[in-house]
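S.K.: As a plain string of letters, each chain reads:
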Amino acid sequence: MSDAPAAKELTETVRPESLGTITDDGPRSARQTRRPKSRIMKSKTREAIAAYVFLIPWILGMILLTLGPMLYSLYLSFTQYDLLSDPRWVGLQNYTRMFTADPRYLKSVAVTLVYVAISVPLLLIVSMLLALLLNRNMKFLTGYRALFYLPSLMGASVAIAALWRLVFGAQGLVNQALAIFGIEHGSWVGNPDDALTTIITLTLWVFGSTMIIFLAGLRQIPKELHEAATMDGAGAIRRFISVTIPLMTPLIFFNTLMGTIHAFQSFTGAYVVSGGTGGPADSTLFYTLYLYQRGFAQLDMGYASAMAWVLLAVLAAFSAFFFWTARFWVHYGDER
Amino acid sequence: MTTTTPTRPAARTIYPTKKVTNPVLTAVIRHALIICFLVIMLYPVIWMVAASFKPENEIFNGLGLFASRFTLENYASGWSAGSLNFSRYFMNSFLVTVLSIAGNLVACSITAYAFARLEFPFKKFLFALLLGTMLLPSQVTMVPQYILFNQLEWINTYLPLVVPHWFGVDAFFIFLMVQFIRTLPRELDESARIDGCGHFRIFSRIILPLAMPAIGTTAMFTFINTWNDFLGPLLYLNRTELWTVPLGLSAFLDATSESAFGPLFAMSVLSLAPIVGFFIVSQRLLLEGVATTGLK
Numbered sequence: 000m001s002d003a004p005a006a007k008e009l010t011e012t013v014r015p016e017s018l019g020t021i022t023d024d025g026p027r028s029a030r031q032t033r034r035p036k037s038r039i040m041k042s043k044t045r046e047a048i049a050a051y052v053f054l055i056p057w058i059l060g061m062i063l064l065t066l067g068p069m070l071y072s073l074y075l076s077f078t079q080y081d082l083l084s085d086p087r088w089v090g091l092q093n094y095t096r097m098f099t100a101d102p103r104y105l106k107s108v109a110v111t112l113v114y115v116a117i118s119v120p121l122l123l124i125v126s127m128l129l130a131l132l133l134n135r136n137m138k139f140l141t142g143y144r145a146l147f148y149l150p151s152l153m154g155a156s157v158a159i160a161a162l163w164r165l166v167f168g169a170q171g172l173v174n175q176a177l178a179i180f181g182i183e184h185g186s187w188v189g190n191p192d193d194a195l196t197t198i199i200t201l202t203l204w205v206f207g208s209t210m211i212i213f214l215a216g217l218r219q220i221p222k223e224l225h226e227a228a229t230m231d232g233a234g235a236i237r238r239f240i241s242v243t244i245p246l247m248t249p250l251i252f253f254n255t256l257m258g259t260i261h262a263f264q265s266f267t268g269a270y271v272v273s274g275g276t277g278g279p280a281d282s283t284l285f286y287t288l289y290l291y292q293r294g295f296a297q298l299d300m301g302y303a304s305a306m307a308w309v310l311l312a313v314l315a316a317f318s319a320f321f322f323w324t325a326r327f328w329v330h331y332g333d334e335r
Numbered sequence: 000m001t002t003t004t005p006t007r008p009a010a011r012t013i014y015p016t017k018k019v020t021n022p023v024l025t026a027v028i029r030h031a032l033i034i035c036f037l038v039i040m041l042y043p044v045i046w047m048v049a050a051s052f053k054p055e056n057e058i059f060n061g062l063g064l065f066a067s068r069f070t071l072e073n074y075a076s077g078w079s080a081g082s083l084n085f086s087r088y089f090m091n092s093f094l095v096t097v098l099s100i101a102g103n104l105v106a107c108s109i110t111a112y113a114f115a116r117l118e119f120p121f122k123k124f125l126f127a128l129l130l131g132t133m134l135l136p137s138q139v140t141m142v143p144q145y146i147l148f149n150q151l152e153w154i155n156t157y158l159p160l161v162v163p164h165w166f167g168v169d170a171f172f173i174f175l176m177v178q179f180i181r182t183l184p185r186e187l188d189e190s191a192r193i194d195g196c197g198h199f200r201i202f203s204r205i206i207l208p209l210a211m212p213a214i215g216t217t218a219m220f221t222f223i224n225t226w227n228d229f230l231g232p233l234l235y236l237n238r239t240e241l242w243t244v245p246l247g248l249s250a251f252l253d254a255t256s257e258s259a260f261g262p263l264f265a266m267s268v269l270s271l272a273p274i275v276g277f278f279i280v281s282q283r284l285l286l287e288g289v290a291t292t293g294l295k
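Here the protein sequences line up with chains A and B, keeping their order. Under numbering that gives the first Met the number 0, the residue at position 232 of the first sequence is numbered 231, and the numbers go up by one with no gaps. Under numbering that gives the first Met the number 0, the residue at position 191 of the second sequence is numbered 190, and the numbers go up by one with no gaps.
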């Protein structure tokens, strides 16, 4: 597929340059008929042309697979479309139906918001605590780091989601562990009150990448700052609040932003744990799962597009707001 | 920093570290805490691995890892369970993954080179666009892309899963490589240019070899993402002979009754094995990538 652009680059970029080489050799370059042309062509122009040749695949992808589809999806969101007949313009009907006539949609919004509001802060706290615990020069550090990261590799897989469904099942590991302490509990996955908890624990289990980003940040805090604070009589907690946290705010900002965007889009866990239904009683009906059901199970593609645009609007608004708040609480180093 | 009077606190905190702490003891406590946490965290996976080697009727016999006998029959029966055909799924997953990795490496590296090293009109705008797509929820393009690939009659082929990678849709990896290439000394390009190298040769002979860590990270993360990808195959692959491993597992899970989880566990373990294997080989590289760019 990309052989064509690659070959094009070869011909377009290498040839003028090799001409340039020969030019330096003096008389031999007289053979080259295109020499004067390449000299006239400014190196700036040549650089720009080369750049756009390098960018051909990406620009094509941008237009054909991202921007074009986005616009088409915006158009579809004002239509009724089932893939078989032509889209039929319905104005704002999809959007009004969402908020006035579709209780399952509102349920999916509620489930997703609860999920994001609980899982993201917990994820940050757990990651930070473990990063602090690991922030020492100690034996086996790389080994520990690797093991903590392991779930991040597997967390998005069907295998782990399937395991979770069994671990939180009626006779799963969790209930067997609770039984040791004399606690009786029914199936977590099968109970509407507990099913979401199952998926939140799955999200928390995948804290490794967030933790590693925090750990990298902690390691860059100059020791002198902590020493100075200690000399001033600050205890460990005081030092954490007044030295560590302010210096970590750029990473906290980053992890919160990415974690939130990620959480809004989470799909596989809910799909596999609930068997694709979002059940029991729609308690794990994540926004993206409902979007999938609407668009691809019921072929209601106009409605699904409208849902996607609402999600985009919410995420954009959240990101903009969050970036705006950054000026009040995110401290960058002196160099910025 | 100090808000108190200069005399008294100074006297109080000259030897602040004199607190009674035994370094060996704190180290032991720290290691114990970490190991406890690790065991609890990884126990479900360890248990699953152990369960995959247990006889069928002993799997749900408690929390323990060991059964009366060690058996491979779960692997044998899972590999060819009913209508499912895992050797096929593994082949398919492997094919999709390799083609996706190749696409990502080519498309992302050339795009990153242009952004990191070359000057061209609208560069700022295009780079902003690139960063913008990193935050774009994929659901917005999911429906129209499906319609597009449906029109192209690409449903039930691997093209919808592979081709986008050849067009650099993974902005994250482009960004990662841009950041990395920017750290390489520019003098190298300059001297190569003086020696008469064109942009393509500077890219292929100088930047590419030096950017191997970023390329390795990209390859690794693309491997993990593609291998685990569930939604893409779920949308585009309906015919069972085309399925990838996640689809096979999902169907297996739905078809499995409450008492026959051994083969499912066995196949789950096999599906995770390549990822874990790759990770063991490349963990240092991978973790550096996470720490410096914030990849998930």
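Think of the hints as simulated: they come from the structure by calculation, not from any bench. Please note: incorrect hints may appear among the correct ones.
Cβ-Cβ distance ranges computed for the label pairs, FRET-style [as the list claims (entries may be wrong)]:
hint: 1; chain 1: B; residue 1: N155; chain 2: A; residue 2: K222; range: 55 to 61 Å
hint: 2; chain 1: A; residue 1: L63; chain 2: B; residue 2: A75; range: 32 to 38 Å
hint: 3; chain 1: B; residue 1: S281; chain 2: A; residue 2: F253; range: 22 to 28 Å
hint: 4; chain 1: A; residue 1: K222; chain 2: B; residue 2: A254; range: 55 to 61 Å
hint: 5; chain 1: B; residue 1: M211; chain 2: A; residue 2: F253; range: 24 to 30 Å
hint: 6; chain 1: A; residue 1: S318; chain 2: B; residue 2: I154; range: 43 to 49 Å
hint: 7; chain 1: A; residue 1: A319; chain 2: B; residue 2: R87; range: 17 to 23 Å
Quick reminder that beta carbons are idealized off the backbone N, C-alpha and C, glycines included.
S.K.: Compare the structure with each hint and give your call.
M.R.: Here is how each hint holds up against the structure:
1. Checking the proposed 55 to 61 Å range against N155(B) and K222(A) shows it holds: the Cβ atoms sit about 59 Å from each other.
2. The beta-carbon spacing between L63(A) and A75(B), approximately 46 Å, falls outside the hinted interval of 32 to 38 Å.
3. Distance hint for S281(B) and F253(A): a CB-CB separation of about 24 Å, consistent with the stated range 22 to 28 Å.
4. Here the CB-CB span from K222(A) to A254(B) is close to 57 Å, well matched to the stated 55 to 61 Å.
5. For the pair M211(B) and F253(A), the supplied restraint of 24 to 30 Å holds, since their beta-carbon distance comes to about 26 Å.
6. The beta-carbon spacing between S318(A) and I154(B), approximately 33 Å, falls outside the hinted interval of 43 to 49 Å.
7. Between A319(A) and R87(B) the C-beta distance comes to about 47 Å, which lies outside the given range of 17 to 23 Å.
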